[in-house]
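Based on the hints, put chain Z in the right spot on chain W.
There are 2 protein chains.
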Amino acid sequence: MYTIESLQSLVAKAIVDYSAKNNTDSLQEPIHYLLGLGGKRMRPALTLLATDLFGGDVPSALPAAMSIEVFHNFTLMHDDIMDNAPLRRGNVTVHEKWNTNTAILSGDAMLIEAYQLLCGYSGSQIKQILPLFNDTALGVCKGQQMDMEFEKRSDVSVEEYIEMIRLKTAVLLGGALEIGGIIANATAPDLEHIRLFGEKLGISFQLRDDYLDAFGDPENFGKQVGGDILSDKKTYLYLTAIARCDAHQKAVFDQWHGNTDMAKIEEIKSIMIATGADQAILDVSQQYYEEALNHLDRINVTDDRKATLRALAAHLLHREV
Amino acid sequence: MYTIESLQSLVAKAIVDYSAKNNTDSLQEPIHYLLGLGGKRMRPALTLLATDLFGGDVPSALPAAMSIEVFHNFTLMHDDIMDNAPLRRGNVTVHEKWNTNTAILSGDAMLIEAYQLLCGYSGSQIKQILPLFNDTALGVCKGQQMDMEFEKRSDVSVEEYIEMIRLKTAVLLGGALEIGGIIANATAPDLEHIRLFGEKLGISFQLRDDYLDAFGDPENFGKQVGGDILSDKKTYLYLTAIARCDAHQKAVFDQWHGNTDMAKIEEIKSIMIATGADQAILDVSQQYYEEALNHLDRINVTDDRKATLRALAAHLLHREV
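For the protein sequence lines, the chains are W and Z, in the order given. According to our numbering, the first sequence is numbered sequentially starting from 1. According to our numbering, the second sequence is numbered sequentially starting from 322.
Only chain W is shown next, with the shape it has when bound in the complex (with noise of 0.2 Å):
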């Protein structure tokens, strides 16, 4: 069994490679770029993982790996466009540094670039990889439609915030696990098991995400702190607290709304507790959690092979084994 950190030196090595193979011309040099922008790798550690955790051959699923990479990073290109981001990961943004035309080109050269690496599995691989890769793929895409309709819309429920980051973020993460499994041939079974435990602990990790923007350490917290509630993000605690909020409150929302003020962050926190909306989400966290874990303990292969996953779920959500 490889630990989770060997893994990921595994695809920081693959990626440095993979620029130096590659940086030749004015397309591929952003793509490189961004890649060398570093991240956690944590989505091609999750190939490698379900490969491990299947009893296939790690090394030959680097390129697999490399290709959920490189399909991340790709639509963190295009969001940065979309968003407007100045910023990535503290360094200029592609369209920024570079200008928009050339973050759409190099964007699209790198979804290609996403399946050209796929291209060396064999036949009847590709046959099952490609379509779960597609499948993966539009979800994504229309979860980031979903999040950009949702900024202009005021009647978005709960459960499609849910919808819109199972699909924005997490079915990117089950993908990333089934391929690995794919590449070790599990079973068609264990196969459902690994992605429905990638996508449910996505949510589980994207909610609790959400509870921190509000209420987390700002020592610990990589982003500012407030962050969604200034913007008015619809995230599921905004959500909840709009909807269970009395005729005070919601004037205290509407008042808020459109203003950037720091005092908002305390206001509107205030009523995020008084309606139980924090308490709320990570109810909601715990039970995708929970939902993760299950589908792990259901796959068929012996307990001590789940030890790393076990234990990568846990420290995603802050949590003990």
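Calculated directly from the structure, the hints in this document are not laboratory data. Check each hint, because a few of them may be wrong.
[Said to hold, decoys possible] Covered stretches of chain W, going by a simulated chain Z footprint (3 or more residues, C-beta under 8 Å):
{"id": "1", "region": "25–32"}
{"id": "2", "region": "104–112"}
{"id": "3", "region": "197–209"}
{"id": "4", "region": "213–221"}
[As the list claims (entries may be wrong)] Stretch-level coverage of chain Z by chain W, calculated; a stretch enters the list once three of its residues show a Cβ under 8 Å from a Cβ in chain W:
{"id": "5", "region": "346–354"}
{"id": "6", "region": "398–407"}
{"id": "7", "region": "436–445"}
Don't be surprised by glycine CBs; every beta carbon is placed ideally from N, CA and C.
Only chain Z this time, still in chain W's reference frame:
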């Protein structure tokens, strides 16, 4: 054997069916709007023609033909953003009708759907098609990148120009044909010849199109005659005239640069004629046409099966069979 027209109508029907099945959400709507704008459907017809040439089952090649058409329309959707184009086939472009973000994201989904359309083939066929599709798609991106870069460069050579049109336009014609050949289980040498037939024909066609943009009959040429001259586009005509002109002619070029007065068209055309650039581009187009036919000749099927492709090539280049 099928006629070109019968294959084009097969494709037209497949597009209607495809849109009826998928046109379900806001991400899909722009995709089917663009696909529905028409066009000659030449690229998917080429895929079907190649399958027919090698005695394959034409209906079984329809998903691959659709994949080529969906990919082509993806490039149109993103190119229209990059070129800031208000119209496509006489209709409002997607980024104008919706917005840029929608055009980016629906274009991304379209590229993924192009891959999705390949999933029904056998593992061994997908294993052959996927790398070809990726190389073709990356070539098209690289061609678009070169085209955009040429606008800002003053040292473009005719060789670079031909490489740009090969990538931006011709490789997709070659790829469309080769995929049709793969589905008909053509041999490796035949696949190489059919691809190069398409590529050389594409270069020949684009050069002739550049010629017609300056010297075509306004009655018959689909676009505004002189558009390339008005925008100082560095076509083969322009580059050859610049390379051959004397100091006085160069001064005329310089004087008109950036000007879009209609009088510019006749002035620049007279230099193109005086330097023989008009004849040079026709000669090079003819050379590529002959190279294309040479590859068609060398394909190992009886000559009568090649009649449709030969007629199509002659029709595209306005030449006698």
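How the hints compare with the structure:
no.: 1; hint: 25–32; verdict: holds (count 3)
no.: 2; hint: 104–112; verdict: holds (count 7)
no.: 3; hint: 197–209; verdict: violated (count 0)
no.: 4; hint: 213–221; verdict: violated (count 0)
no.: 5; hint: 346–354; verdict: holds (count 3)
no.: 6; hint: 398–407; verdict: holds (count 3)
no.: 7; hint: 436–445; verdict: holds (count 7)
Against the hints set out earlier in the document, violations occur for numbers 3 and 4.
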